[in-house]
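My request is simple: use the sequences and hints to build the entire structure.
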Amino acid sequence: MDFDLNEEQRMLKDSVDRLIADKYDFEQRKAYLKGENGYSTDIWSQFAELGLLALPFAEADGGFGGGPVETMIVMESFGRGLVVEPYFATVVLSGGLLRHAASAAQRATFVPMIAGGEKIFAFAHGERLARYNLAHVETKATKDGDGYVLNGEKSLVLNGDSADFLIVSARVSGATRDRSGIGLFLIDAKAPGVTRRGYSNQDATRSAEVSFADVKVEAAHVLGQPGDAIDAIERVTDEAIAALCAEAVGGMAESHRQTVEYLKTRKQFGVTIGSFQALQHRAVEMFVMVEQARSITMYATMMAAEIDARERARAMSAAKVQIGKSVRFVGQQSVQLHGGVGVTYELAVGHYFKRNTMIDMMYGDGDHHLTRLSNMGGLIAA
Amino acid sequence: MDFDLNEEQRMLKDSVDRLIADKYDFEQRKAYLKGENGYSTDIWSQFAELGLLALPFAEADGGFGGGPVETMIVMESFGRGLVVEPYFATVVLSGGLLRHAASAAQRATFVPMIAGGEKIFAFAHGERLARYNLAHVETKATKDGDGYVLNGEKSLVLNGDSADFLIVSARVSGATRDRSGIGLFLIDAKAPGVTRRGYSNQDATRSAEVSFADVKVEAAHVLGQPGDAIDAIERVTDEAIAALCAEAVGGMAESHRQTVEYLKTRKQFGVTIGSFQALQHRAVEMFVMVEQARSITMYATMMAAEIDARERARAMSAAKVQIGKSVRFVGQQSVQLHGGVGVTYELAVGHYFKRNTMIDMMYGDGDHHLTRLSNMGGLIAA
Amino acid sequence: MDLSFTPEENAFRDEVRTFFKENLPQDIRDKLVSGLHPSKDDLVRWTRILNKKGWAVPHWPVQYGGAGWTPVQQYIFLEEQMLAPSPQMLAFGTSMVGPVIYTFGNEEQKKKYLPAIANLDTWWSQGFSEPGAGSDLAGLKTTARKDGDFYIVNGQKTWTTLGQHGDMIFTLVRTDPAAKKQQGISFLLIDMKTSGITVRPIQTIDGGFEVNEVFFDDVRVPAENLVGEENKGWDYAKFLLGNERVGIARVGASKERIRRLKQLAAEERDGDTPLIENPRFREKLAAIEVELKALEMTQLRVVAAERNREKGKPDPASSILKIKGSEIQQAITELALEVAGPYVAPFRAESEDHGWNEPPAGPEWASPFAPTYFNYRKVSIYGGSNEIQKNIIAKAILGL
Amino acid sequence: MDLSFTPEENAFRDEVRTFFKENLPQDIRDKLVSGLHPSKDDLVRWTRILNKKGWAVPHWPVQYGGAGWTPVQQYIFLEEQMLAPSPQMLAFGTSMVGPVIYTFGNEEQKKKYLPAIANLDTWWSQGFSEPGAGSDLAGLKTTARKDGDFYIVNGQKTWTTLGQHGDMIFTLVRTDPAAKKQQGISFLLIDMKTSGITVRPIQTIDGGFEVNEVFFDDVRVPAENLVGEENKGWDYAKFLLGNERVGIARVGASKERIRRLKQLAAEERDGDTPLIENPRFREKLAAIEVELKALEMTQLRVVAAERNREKGKPDPASSILKIKGSEIQQAITELALEVAGPYVAPFRAESEDHGWNEPPAGPEWASPFAPTYFNYRKVSIYGGSNEIQKNIIAKAILGL
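Protein chains in written order, with our numbering: chain E, 794 to 1175; chain G, 794 to 1175; chain X, 31 to 430; chain B, 31 to 430.
These are computed hints drawn from the structure, not numbers from a lab. Just so you know, even glycine gets a beta-carbon here, dropped at the ideal spot from N, CA and C. Take the hints with a grain of salt, since some may be wrong.
List of simulated lysine-lysine pairs, BS3-like, C-alpha gap at most 27 Å [as the list claims (entries may be wrong)]:
no. : chain 1 : residue 1 : chain 2 : residue 2
1   : B       : K211      : G       : K1057
2   : E       : K1057     : B       : K425
3   : X       : K83       : X       : K70
Computed beta-carbon distance windows for the label pairs [what the hints assert, rightly or not]:
no. : chain 1 : residue 1 : chain 2 : residue 2 : range
4   : E       : E842      : B       : A41       : 40 to 48 Å
5   : G       : K816      : B       : P231      : 26 to 34 Å
6   : B       : S64       : E       : E1054     : 44 to 52 Å
Okay, structure coming up:
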């Protein structure tokens, strides 16, 4: 049991934090949002240079062999910076699928594209009525010679508009919510039959609605054994949840810091508003919420590598419950304690609030996971 | 729409409030608790003299024809005084059963006994596994000539130890939780075959476990048509809930008043603790909770006379939800703001806290009723 | 004590409901049901329909166009307005500056301004808040220096809601810089087309533009635009702020939102299952419904006590309405997120004409939900933050 | 960063768990599972078993009987103690006066008192709080006037937990009435059998008698019972209060209570249905479990940071442990009410020998639930109320 970072982790943290501090303040970020795909390709290159894009991949695949702790370090820093580059879609989600579902040959082809910052990947999985059920796949994959043909609609595909490659989940057999019968297919996003409609999200990230009409997938681009993909999808989703929790903690901590700073400087009735005990206690309650969120994120990070899917799922649900509670309280109170200016677009606290609200809603909000956790028997055995 | 009391109601309120103020302070109450049955027969006589024991009965039956508003006035005052006399068991519950289920002849016999303060009545209904299901009746009533014979066990019978008469619910047909098949039987509490074991409750009221072994009920003491009693039981329970809400409001308001008073007098760090803004805001939040409880109690009072059982049930569930929330917050914070002394037996706030906790748990706590209300579709139609 | 509505009151409710059903333009109703904002044109159209009926300013004294209703009737009207749902009258004219003018203004001002308010010929804005003042309203710095028959106004106002449409703005300005904080303030009416006025929109976190900054740079205002006496403006402002009682809880609006959410939750599916069948969701709704019912009764208590209360003196209980009303409104917007689920994410700018340029991602109704959740954080801030309301109750009611 | 226990730490946990399993008397364990209080005899018996093993005061320095464990080992031991569940060592001796004596006491005091604490030969009580002081501990009024080789003590202490069993009491007394508040206070050890001492029980709202008032009326205390220097007592008290960190969250105890509630909810039926099948109840439990898991991690973070922290300097993060720990403990007692349902009502006095005179109404296990709910309101009050904890965090961590 050791909560201190080791030497490499400390160096990683220092370099990411420095990049965010130097290159990603609130004003700089505004410029990045105006980039062609809603983010900065220059920053993306710097992520590549720092090795962040290679971080979670095995050394054999050209990566740095980082684990959940390393991802936590990066994502927490990204949370502070409100980073909009497609790290989560490309490295965490798509990279995770390559790590857990792709063959060595496939990894040899695609991992370097990610690690080098050359290509953007997106995971096209969600569908209109799926809500938070990961097995809800209606999109069909039909055998076609050695390969497959895809038909269907995917929704809310994060960075699906700017992606060069899409990893698509599609059903080779079974009914819409069957756990078995799902496959993963890697396609060129500009392949014939792919239609994409991109749009902005509330938090300044971008997504796309993507449809597939007789899209061909060559045999070499089928990831794993079609039909068995649900395990990899769940595993990657659990890793993704741990990563998002870390991002939320970074955002909350910064939002809280700025709010406390405001309490110390803003004057009303002739005194700083931070001298009012009711506001002091509110700031403390926010602090407790941030620290509890940080703690459960460490738990989720520790459990992200757990092999037993059920134990891992319990931990991720627990994390989402706490994060959901914390982001609502911290986000709402950051705005409230700022008063009128807290509701304006010009202030960062509103943007942390929005981003963290979206994180809460991803993969199911806190209450969804509370029900899920309680149906799994909770965390403590009777 | 008129929230002002009319002349008679104002007089009723004045006289009850005066009685409680003069005869029922915290020290006087301690003496009453030492009475033979845990209450004061002298106070009971004064209730009779004031007409409180005749209040809800029709004038034709020798009562004053009071309705839910009159009961609310009395119970709110009793709540402030932490009254332990068996008004609720005798007048509200048993009296209600006489009003809604008894024949004119039965009322002519028994109402005067209550109204005159001569006899104590109790409603023997709850059973070990009933929890909050009013149709859970295992106790059997078997036809025996013109009358019936009772066998079974009743639990948590409020004032069952000191009652002269018991109104017993028993099943004449059907399975344990069937709504039909339940009858009401009035018996002498000292009848052969009745065994009672009395005990104190957390809030200084008293209850009894009562068992029936071949207890004979004469035909004249069967209330209504055996088998149909559930409607009357539900109606009386709904009236009882409205009455308990009013009692809780009285207790909360007084507990809040004493707490605010304490904040104004108690000094710490050289100033009154009421000067701390965090405690001021807490006191305000308590106040809002009390007023919201008062409002929903008025709603429950208004709806207690509603004939449509489903609409009435919705209102009572709504009231229990709000009362449950309010009593927890107000009770806990009354203790918290008093600090150490709040946890001592010598202070009244702890006793309000205990009584109101018991009210919350009677007929189902707030969460029980939240589920019930939501299963009935809530208060607002889609 | 009779806690039900009288037959007359119920008949009145029916009359109002029927009128709304028959006269509220369907396009306006649809927009409000969808959680979108009515446009300026919508408000003008609807106000004129009501004004023709004599219901545009029902709470005003009869001689100025009021309907002569009891407080309970006014409450019923307001409730039905929210339930319809119809736009609410522009409060800056009808509930704020209007009552100030007919109470403290001179005859000329009454004649000039009141009918134009009732018919929404003049769009009024509010110029009270200033940057840096916040809840400490009396800390205002905008000055008005007398210069012959004019005041020369310099300074800045902020949080001017819908100021972009404003014809006139009522302001608090400092006319005596030497006086103590609450003194030396005057209540001045200013034509927004006067030169020297700049309106700059403030974007809010939901992406919308409903509030503005208003800058005054040597703005010449005719002295006849002063309401009442010079340096007595703070009294008029207190009167104005104390006026807003009954509507503040927005019980009817919250009812309408809950009804709408239940409807959507019955339609929206999770796979094959309608969302409304999720017991936890239903219980969260029911919990809000209970709070709202209690608040409705609290509000009725305040309304019923109106006749026993000294005119113009604010009821401290209105602070409860503000606190609980805002908490409930915010809780509903939070629950709406759950109905939309993952479809809270896509952002669609609500453009001037309330149409969108691109087809929706997911259900169209979901689009305003996240912006409304973000935007509604304001309801516990404006009009005196909930913290300020608690200070008021602590002092005025609890004596702490 | 390695967030899992090392194999050595896991082996240590197994060793402790096995020892508890084999050596904790079953009657004591049963009593604690039922939510009843261990008697004095129970505590003495169990302490002596542990002391024989060398585990009665494991956190003390090795030369005074400590086990030489790492902070993580100490944490594991504490956690297993709560999970067993076993009584916790009497804190007044082992965690309060013991560390003060071995840190600030003289050799004679160490020799005289420390072994007797470890073996619970001496039952220590705490004499800090006074009526009227509350969270303002330094406002104490009890005086100790020097008279030759004695101090003459006069005054009153209160909230003396289990003082009815006390052999000795450690007190803060004012030795210099002229000095400023925190100065002029001394740390004095007093034999409770000295004449002039009266112990009067305070009944708590649950009906129990676990706290006392202690009156001192010209009590003659040998001067050798002064710890450290005269008038430096406040420093020792701060040291003492800062010592209690790791155990304060009571994570293990809360885990054990949840386990117990789940077990009971699986047994207790509503008609034919076990209570645990009520989804709302399960979700409320799960919500507490999540909070508790987060708190456990927070606690481990504090434990792990122990080695980087200056000895004896309290970690402000321990205030989080106090706040969340007490909230969770209270939430569990509230949920217990729901398990008992209507059977929270019957009151049964918990007599000295933990037997009852009459048969229960309803399930026997339900009897302590309501009293515990009432009694546990204390956990957000004592040891510095949660409001005081928030003041501390605001100042020490947030700089407000």
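Hinted pair X/K83 and X/K70, Cα distance within 27 Å: Holds, at about 20 Å.
Beta-carbon spacing of B/S64 to E/E1054 - inside the hinted bounds 44 to 52 Å or not: Between B/S64 and E/E1054, where Cβ atoms are some 51 Å apart, the hint holds.
Distance restraint hint 26 to 34 Å, applied to the beta-carbon atoms of G/K816 and B/P231: holds (30 Å)
27 Å limit on alpha-carbon distance, applied to hinted pair E/K1057 and B/K425: holds (12 Å)
Hint check for B/A41 and E/E842 - Cβ pair distance inside 40 to 48 Å: Cβ of E/E842 to Cβ of B/A41: about 45 Å, so the range 40 to 48 Å holds.
Distance restraint between B/K211 and G/K1057, which requires alpha-carbon spacing of 27 Å or less: holds (24 Å)
Checked against the numbered hints given earlier, the structure satisfies every one of them.
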